[in-house]
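Trainee: Reconstruct the complex from the two isolated chains, following the hints.
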Amino acid sequence: MLGRARLRADLAGELTAELSGSLNLRRTRLRIFGLLQPRFAEWVMLALPDGRPGGVVLHGGTDARVTSTATLDPDQDSGLGRVLRTGVTALFRSATDAELDQTVPHPALRAAAAGLFPADVLALALVARGATIGALVVLRGPGRRFEAEDVALAEQIAGRAAMALDSARIYEERSHVASVLQAGLRPPTLPSIPDARVSARFRAAAEHMEIGGDFYDVHGSGDDWLLTLGDVCGKGVEAAVLTGRTRQSIRTAAYFDRSPAKVLEALNSVLYDADSERFVTVVCARLRPEPGGEHATVDLAVAGHPSPLIVRAGGEVEQVEITGMATGILPGVRYKEVSVRIQRGDTLLMFTDGVDEARGEDGYYGMDRLLRLLSAYAGAGPEIVCEAVEQDVVEYLDGRTHDDIALLALACGR
Amino acid sequence: MTAESTDPAVFAIARENRGSTAILRLRGDLDMLTAPILDEALSAASDCATVLLDVSTVGFVGSSGLSQFVKHHRLSAERGTRLVVVTGTNRVVLRPLTLLQLDLVLNLADTIEDALAVTS
Chain A
1 MLGRARLRAD LAGELTAELS GSLNLRRTRL RIFGLLQPRF AEWVMLALPD
51 GRPGGVVLHG GTDARVTSTA TLDPDQDSGL GRVLRTGVTA LFRSATDAEL
101 DQTVPHPALR AAAAGLFPAD VLALALVARG ATIGALVVLR GPGRRFEAED
151 VALAEQIAGR AAMALDSARI YEERSHVASV LQAGLRPPTL PSIPDARVSA
201 RFRAAAEHME IGGDFYDVHG SGDDWLLTLG DVCGKGVEAA VLTGRTRQSI
251 RTAAYFDRSP AKVLEALNSV LYDADSERFV TVVCARLRPE PGGEHATVDL
301 AVAGHPSPLI VRAGGEVEQV EITGMATGIL PGVRYKEVSV RIQRGDTLLM
351 FTDGVDEARG EDGYYGMDRL LRLLSAYAGA GPEIVCEAVE QDVVEYLDGR
401 THDDIALLAL ACGR
Chain B
1001 MTAESTDPAV FAIARENRGS TAILRLRGDL DMLTAPILDE ALSAASDCAT
1051 VLLDVSTVGF VGSSGLSQFV KHHRLSAERG TRLVVVTGTN RVVLRPLTLL
1101 QLDLVLNLAD TIEDALAVTS
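Chains as they are written, first to last, in the numbering used here: chain A, 1 to 414; chain B, 1001 to 1120.
To be clear, the hints were calculated from the coordinates, so they are not data collected in a lab. Glycine is no exception: its CB is placed at the ideal position from the N, C-alpha and C atoms. Please note that a few of the clues may not be correct.
[As the list claims (entries may be wrong)] Here chain B is said to cover these stretches of chain A; the calculated rule only asks that three of the stretch's residues, wherever they fall, bring their Cβ under 8 Å from a Cβ of chain B:
id, segment
1, 301-312
2, 317-326
[Stated by the list, open to error] Okay, the calculated bits of chain B under chain A, using three or more residues with CB under 8 Å as the criterion:
id, segment
3, 1067-1075
4, 1100-1107
[Said to hold, decoys possible] For the chain A half of the interface with chain B, some residues (derived, Cβ under 8 Å), not all of them:
id, residue
5, C233
6, G234
7, K235
8, E238
9, F279
10, T281
11, I329
Next up, chain B with everything else stripped away, as it sits in the complex (with noise of 0.2 Å):
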């Protein structure tokens, strides 16, 4: 492993499939200039009945950020298929979310074997 892939600042996208659910495991800083990544990543998994996008680990989020999950979560809808957002206990993303009330438009689950019990 380089020192490069460890370094938590540098974005990642982790792609994992389970069946019809795809999970998405984000690393480092969502904002302006990685969100577009977010955004390809999303539409790349658009064919999954559910996409589990696992921000819990990541170091910030930016309104570029969360502007993506409100976009995909309605596109999402708009399909039929199902965007949860994996928080756990992450400040960086709890804080926006809930100031913004954004809590109360997107799914939203603690961990991904709670997202996965509920999908199932």
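Extracted from the complex, chain A is given alone in its bound form (with noise of 0.2 Å):
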């Protein structure tokens, strides 16, 4: 007698600290099978509601790793179904195998539930913010019973197992969306472009499942090609349509016209006219390389971003001298654009303001440290120059949290 009470007095003590601690839907369903089984019942299924028509998924019997699926009889108004419909829990005392039958809709299961006959089943429904999520299902053989203290017992771990299975499906169910989403916003795999070398780096901040921020494009064929890179503003998922609006208008704007200030400014329209107060900053560059990559045509346009710079092959670092607006601010801004030549050797550089922004212990990051870097990488190369600077940054913030950092290099020639 004593022994049960204690029992009971442990399961109650350890449920709210073994349910509350996972968002993991299956270490959630764990933690419910090694908090019951075996010391409150040899055999213990959680059956689920799939979102088929009568579907079920049961996890659980004497394994606690086993999952099986079935479908319940609409009509039947016993057993497990009637649990699941009206949330009443069901004890069956030595059950008959009818009432099994009810309770627990697969035949290997049922085996299994079975061979520990005579047996108390008792059925419970998981109700967890109002509705009933599933039921659990428990079972104790020969020379136990449920008593009334152990039914009460089990209606409350029951309405803890609820809660913790619930929250663990939304979380998981956010995560699924976050993941879908950030996947279609994953940068881009960078083309092979003939006679021209690009580089790309992007680090995220590290912030938990932040979405939206920086992003970059390329896109085109043969000798013309547009590089975009972007700083969307705020985080979370309006800022991830945010993205992939703006990155699906550059490029349908680009099919139409690949001068990056016409882009920007069909970027800008489409912006302004679809939100009232978030603004993206792009800077949009246009490749063109010769034939055998000596030479090439860049054409550049920014939105209230910082302009790109050239890290030419003697050494001297140029930023381009271009500014316009951010897009989504005003209607009708128009864009400035201008034309330089690079040659093989040189390296333009498009980067985000999470570089120069960067907070280190003696501030900034600042323009003036990332020029001297560059100067240093004079030759170097796209994907060289994409490393070097992130590598500094990274060095430079010694652990400390940072906004989105992307870079986009080009050069030409192979």
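Mentor: The following block contains the structure:
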């Protein structure tokens, strides 16, 4: 008698600690089994509706790791179907085969349960936030019965388990939404451009599950390419949607006219009409390498974005003189465009303000530091320039949090 | 005064009314977490003929904060009221404003006295 009371007290005590720790659905299920089996019941099953009409996923039984599926008869008004529909606990003392049939809708699970007969079968609804999200079925074999106190404790356990499972389910659904959105935003694979080289780096801000922020894209064909690098206002799902809209608008605009100024004007109109507050900064470069790769023409336009740097083969570093308003703020903005010529050995670098605005021990990373660094990498090419800048900024940050950092560099020649 | 209220990183908005002018003094970092607080304060001051938004001592302004400047500039223009952003020489404000060319859109003033002189 004392042993049973002790067990009930132990279980009640462990409940909260065991079930509040995880937001992983599978781990939460395993913890429920770990808590109950075999101390509270020899055989434990979770039945969770899976969205099919009458469909349930069955977890556990004798072995917590086993998962099977079943379909409930919609006309059956007893056993598991009734518990799921009404939320009312069902206790079958020395359950009959018929009662087991109605409560465990799977032949193999049922056979294992029948092996423990004569047994008490207890089926409880899992109710979370006012909805029945599933059922918990537990079975005690010969010599053990579910006393009234056990049923009360089982209902308490089912309540906690339901909240834990529901929280884990909601969390996993949200993570799924975020990861699908993120997959659509992932930086693209860079194409191979004849007579030119392109390299990129992207380092997301460390915040958990944050999406949005910086992006880059390269599209075109033959000897005419458009490279864009940008920064979207804000974070989270709204920013992710805005990033998607921005990238698509740029792609569509470039289909009709590859002039960077025209692309930014089209983007500005689309964003201004679509959203009243958020804005996007973009640098847009049209790259036209000459056959053989000795020279390339780069037309540039910027919208509220730092203008690109050119690292000349001889070590001089110039910042292209061009400015323009961020897109999405005012209607009908006209953008300026400049054309620069690069030669073999020169590298043109586009970057987001996560670079110069990186905050380290001595304040901002700053443009001067960037210019000095780049001068040492004259002639190194896009891959090494991107690598060097990323490394230097990361070292400067020395573990501090930072904004997104994106780099896109190009050079002519192979 | 508690230690908490003097912490420069703690965001706070102090409002002072001078006739039909409201002066909102911001302190701390204006980022995605604090921008909604500014949104609320600016909305609450929407019945004032002039709102002076003093950001001359803020420690950081992110794009979420800047977008509130743009949003409320637009709303006040529609209402026929005036929003002036007081920047002082604060680099963390001036740099993004000029980079994004928001200085061409917003009403900016160097000091509150300058802003009051223009509006009175």
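Trainee: For every hint, state whether the structure bears it out.
Mentor: Outcome of the hint check:
1. Three residues within the 8 Å Cβ limit are the bar, and the segment 301-312 of chain A against chain B gives 3, so the coverage statement holds.
2. Counting residues of the segment 317-326 of chain A whose CB falls under 8 Å from any CB of chain B gives 4; the rule of at least 3 is met.
3. Figure legend: the segment 1067-1075 of chain B, annotated as covered by chain A; annotation consistent (5 residues with Cβ-Cβ distances under 8 Å, at least 3 required).
4. Residues of the segment 1100-1107 of chain B lying with their CB closer than 8 Å to a CB of chain A number 5, which satisfies the three-residue condition for coverage.
5. For A:C233, the interface hint holds, since its Cβ comes within 8 Å of a Cβ in chain B; the closest pair sits about 4 Å apart.
6. Annotation: A:G234 was flagged as interfacial toward chain B, and the flag holds, the nearest CB pair being 5 Å apart, inside 8 Å.
7. Because the closest C-beta pair between A:K235 and chain B is about 6 Å apart, less than 8 Å, the hint holds.
8. A least Cβ separation of about 10 Å between A:E238 and chain B goes past the 8 Å threshold, and the interface hint is therefore violated.
9. For A:F279, the interface hint holds, since its Cβ comes within 8 Å of a Cβ in chain B; the closest pair sits about 6 Å apart.
10. For the restraint placing A:T281 at the interface with chain B, the shortest Cβ-Cβ distance is roughly 6 Å, inside the 8 Å limit, so the hint holds.
11. Hint on A:I329 holds. Least Cβ distance to chain B is approximately 6 Å, under the 8 Å limit.
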